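Trainee: Read top to bottom, the protein sequences are chains A and B.
Everything in the first sequence is counted per this note's numbering, starting at 1 for the first residue and increasing by one.
Everything in the second sequence is counted per this note's numbering, starting at 1 for the first residue and increasing by one.
Hint data in this document are derived by calculation from the structure and do not stem from the laboratory.
Please note that a few of the clues may not be correct.
Stated by the list, open to error - The calculated lysine-lysine pairs, modelled on DSS-like cross-linking and capped at a C-alpha distance of 30 Å, are:
{"id": "1", "chain 1": "A", "residue 1": "Lys201", "chain 2": "B", "residue 2": "Lys66"}
{"id": "2", "chain 1": "B", "residue 1": "Lys99", "chain 2": "B", "residue 2": "Lys24"}
{"id": "3", "chain 1": "A", "residue 1": "Lys201", "chain 2": "B", "residue 2": "Lys24"}
To be verified - Just some of the chain B residues that point at chain A, by a computed CB distance under 8 Å:
{"id": "4", "residue": "Gln37"}
{"id": "5", "residue": "Tyr41"}
{"id": "6", "residue": "Val42"}
{"id": "7", "residue": "Leu44"}
{"id": "8", "residue": "Gly46"}
{"id": "9", "residue": "Gly48"}
{"id": "10", "residue": "Gln63"}
None of these values were measured; they are calculated from a predicted model.
Quick reminder that beta carbons are idealized off the backbone N, C-alpha and C, glycines included.
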Amino acid sequence: MSRRGRLSLFAVAGGGLAAVLVIGFTGLPNFGDYHGVYGRVIDGIGVTLRHGTDLITLLNFDVRAFDTLGEEFILFASVLGIVLILRELRGERQEPQREEAEEHSLGGASSVLRALALILVPGLVAVGVYIVVHGQITPGGGFQGGVILATAPLGAFLAGRYLRMKAIAPHLVIEFGEVLGAVGYALLGLSGLVFAGIFLKNYIPLGISGHLLSGGQLDVASVFVGLEVSGAFLIAWTQFLDQAMLLKGDRQ
Amino acid sequence: MSFLPFAVAAWLFVIGLYGIVSSKNLVSTIISLTVVQSSTYVVLLGVGYVNAGKGAIFADITQVSKAVDPVVQVLVLTDIVIEATVTGLLLAMAVQAHKRFGSLDPNDLRALRD
C-alpha cells in the first residue's frame, strides 16, 4: 500500500478512534479517585504478611510470582528468537580478527572518555548488584538490577574494544547465567511445592522488615531473575553488535 | 482537568500510531511502536493513582500511610519487559530485512508489496 493510501486509511480510522475516545472520556472517574480493592488490601497488609517494604517487588516475586515465571520465560524465548533471526546466513562469515572490531572508536571519543568508560565498569557492577539484592526494601529488584548489570560490559565497548568486551563477558558464561536464572526460578517454585505444598509459595524465613535478608523468597527470586535478565540482554546486545562489527559477507 | 493524564495517554497512542503509518524507515516504525506502548504505562499508573497517595514503598513511610495501587505498577514493569522483548525481535527482523532488500524503507519490502 502506498504511503498516501496508508495515511488516508489512518485518517478515517483516526476519526472513529477520536469519537470513541470522546465517549470514553466523558464517563471517566476523576483522576486520583481510586476505587480498587486489591491495591488497598496489599497496601494495608503486604508488609506485615511478607516483611518486604517494597510492595512492587513483593507483588512481583511473591503474590504474582507465577506471572513473573511466565514473564521470565517470555524474555528467554524472545532472546532465543533474536539469536535465531540473527544467525549467520549463507554467504556470511564471522571474522574475529577484523581490525575495526578490536580497535573501533566512536566518533570523537578521546582517550579520557575511553578511560572513564572502563572505570565505569566496576561501578556499574556494584550498582547492579546493589539494586538486585535490595529489591525487597527499596525500589529495584531482579529486572531493574539485571539490566544495569548487563550494561557493565558495554563500558568496554564504549572504551573502543568490542572483542575485549566479549572477553570480559564470554558467550558461554552469559548463556550459563541466563539458563541458571531461568532454571533457578523454576526450581524455587518447585521447592515451594515440596516444602510448603504450593508452587512458588514462600517457605524461607521472613526475617525483619527492612533488613537485607528479609522477605523470604523475594531476595532469592530477585537474584535468579537478575541473572536471567542480565544474561538475556547481553546475549541480545552481542547479537546486534556482532552483526555490525564482525559479520562480513556478500549481501544480496 | 482531572482527565489530563488519560488525555496524555491517548495523545501518545495516536501520535505513535501516526508515526507507524507515516514512517519511511523501519527503525522509526519500531520506535513509534514503543511510543504507542508507553501510552499504556501512563494509563496504568493513572488508574492506580490515589489522591495525595505516596509511592507503595514502606521503607521510610509509616505502614498506615495512604499509598497508590502497587498492582498496576507491577503490571507496568511487566509491560516494560514485554516492550523490550518485542523491540528486540523487531529490530532483529529489521536487520535481516535490510540485508535482504538493501533498504529500510517499508515501501521497498517486496514480499509485503506483492
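Trainee: Can you name, in rising order, the numbers of the hints this structure does not satisfy?
Mentor: 3, 4, 5, 6 and 7
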